[in-house]
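Everything in the sequence shown is counted per the numbering used here, starting at -14 for the first residue and increasing by one.
No lab work stands behind these hints: they were computed from the structure. We put the beta carbon where it would ideally sit given N, CA and C, even for glycine. Please note that a few of the clues may not be correct.
[What the hints assert, rightly or not] Listed next, with one range per pair, are the computed distances between beta-carbon atoms:
hint	residue 1	residue 2	range
1	Glu85	Glu118	46 to 54 Å
2	Glu149	Val303	48 to 56 Å
3	Gly76	Trp152	16 to 24 Å
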Amino acid sequence: MNSILERRRTSRTAVLLVLCAATLAISLATTAINVALPSLALDFQANNRELQWIVDAYNLLFATFVLAFGSLSDRYGRKGALLLGLTIFGGGAVGASFAESSGQLIVWQAVMGLGAAFVYPTTLSILSNVFTERAEKAKAIGIWGATTGVGVACGPILGGWLLEHFWWGSVFLALATGAAIAIIVSAGVVTTSRDPSTPRIDVGGLILSVLAVGFLVYTVIEAPEHGWASAATLGGFVGAAALLFALVMWERKQIDPMIDVRLFTNMRFTAASASVTFAYFALFGFIFLISQYFQLVREFSPFETGLKFIPVAASIAVGSVLGTMLAVKLGNKLIVTLGLVLFTTAFLWISTLSQSTSYAEIALQMIPLGLGLGLTSAPATEAIMGAVPLEKAGIGSGMNDATREVGGTLGVAIIGSVYASLYASSLAASDSAQALPEGVKSVAGESIGAAAIASDQLRGGGDQIAAEAVSNAANSAFLDGLAAGSYFAAGVTALGAIVAAFFLPSRPKQELTVHHADAPAATIAADGAADRASNSKNTTPVR
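Whenever a hint applies, use it, and build me the whole structure from the sequences.
Dropping the structure here:
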């Protein structure tokens, strides 16, 4: 008997390692390309808008299709979806490595995002079906969450090292290699699973979810270009809201809906989803700002910049593993709220950055930020997956991934816009910029990257005084923008902490994973009501 249990434990550990390897490849791709943008700008003569879409094409396709593909994996089999997704992702990475123009690279990034939309929800749904007991599942999700966060934070390290030794295409070849290894190992280790009830495909739900999420993410990506109050942006948000409303109305009428919208009456599911959005809003906003700070203000190389992220990556790993363990013992409410409070504290501290801030202080600032992500995201993910039946794990995972991607995209877009508006106004009012020619001032006002190029050109032309004036004005303006972006992020995470404290139940009233596909609507509604009652009455966790 002991030998059987030992073999089963070993098998599950192998599956977890394989799923984490696949997750790592997808997570690395989210940020690894960022450090290559200066090289791509030179090789492809790409403008800022093209560089933006080189990054955003991946995120757009990822977020747009993750709900639909999570549902399809439940229907047709999760192992097949995992292998198909890794194949598409790896093929897209190979194509991207040999792209000859920014347009080609954008297309291949979109292909990679499409593959990621298959892989990511499938890894979490397989994990939930392999680890069924709550404490075991929490530990496994903690390790999975640590892999996710570390991958996002370590993307710049991988990209920076490869850029210092090879050309920018090596970043994509490394990702393709990781995908190939994951395919080979997954084929031999992972067993397939699917929804045993094999419900019919909810075609309307699939189409509406793709349109709604895609429309929302595209509007957010384009908002800084058109302006947040422009007719195009406001119209986009209205259109996305209309599509989301149509999705809810459609799903309420279906016998076998893709998304059971009654889940949103369960605050364990809804408040946890909101917490994931807040967490990744803050993380992606931080990476966006601090990457530019290291490379353009402090003038570190791409690899040096990547290495600077080690404290946040290590803290995410520790926070993710501890977070789920503590959430089982002390309750999700306390741990997730604490994580978002740590996020807020970190951003208030980061707002004090200057050109002379020591790296030791910056590393200390990264620790509460990384711990905040781990303590928020991993326990919230465990709560989300605990609120859906096992046979619907794919769509539950898809919801978790969609909220994360939307949150990250919003973080870059909104925090980037706050930073950019302060940067432009601060530079225009700077004493150092007043004596500059209007053309130089206009170019420098576009971004700190454009200011760095203008400064190098002036220095190359022998005008050291003007070059120094541009650098000083741009660096000062960037720090003003970074402070404003940090304050905004702190406000958002503080709001998230309030939401978690008031609405996230401390623990599930009962384990929802025992539900079956034919569970009556009243069961889910009762669970939601029970969680809300637990949330309002029980402030002290009970074992």
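Gly76 and Trp152, beta-carbon distance inside 16 to 24 Å? At 20 Å between Cβs, range holds.
Please test the hint of 48 to 56 Å on the beta carbon pair from Glu149 and Val303. violated (28 Å)
Glu85 versus Glu118 beta-carbon gap, inside 46 to 54 Å or not: holds (52 Å)
In summary, the structure is inconsistent with hint 2 from the numbered list given earlier, while agreeing with all the others.
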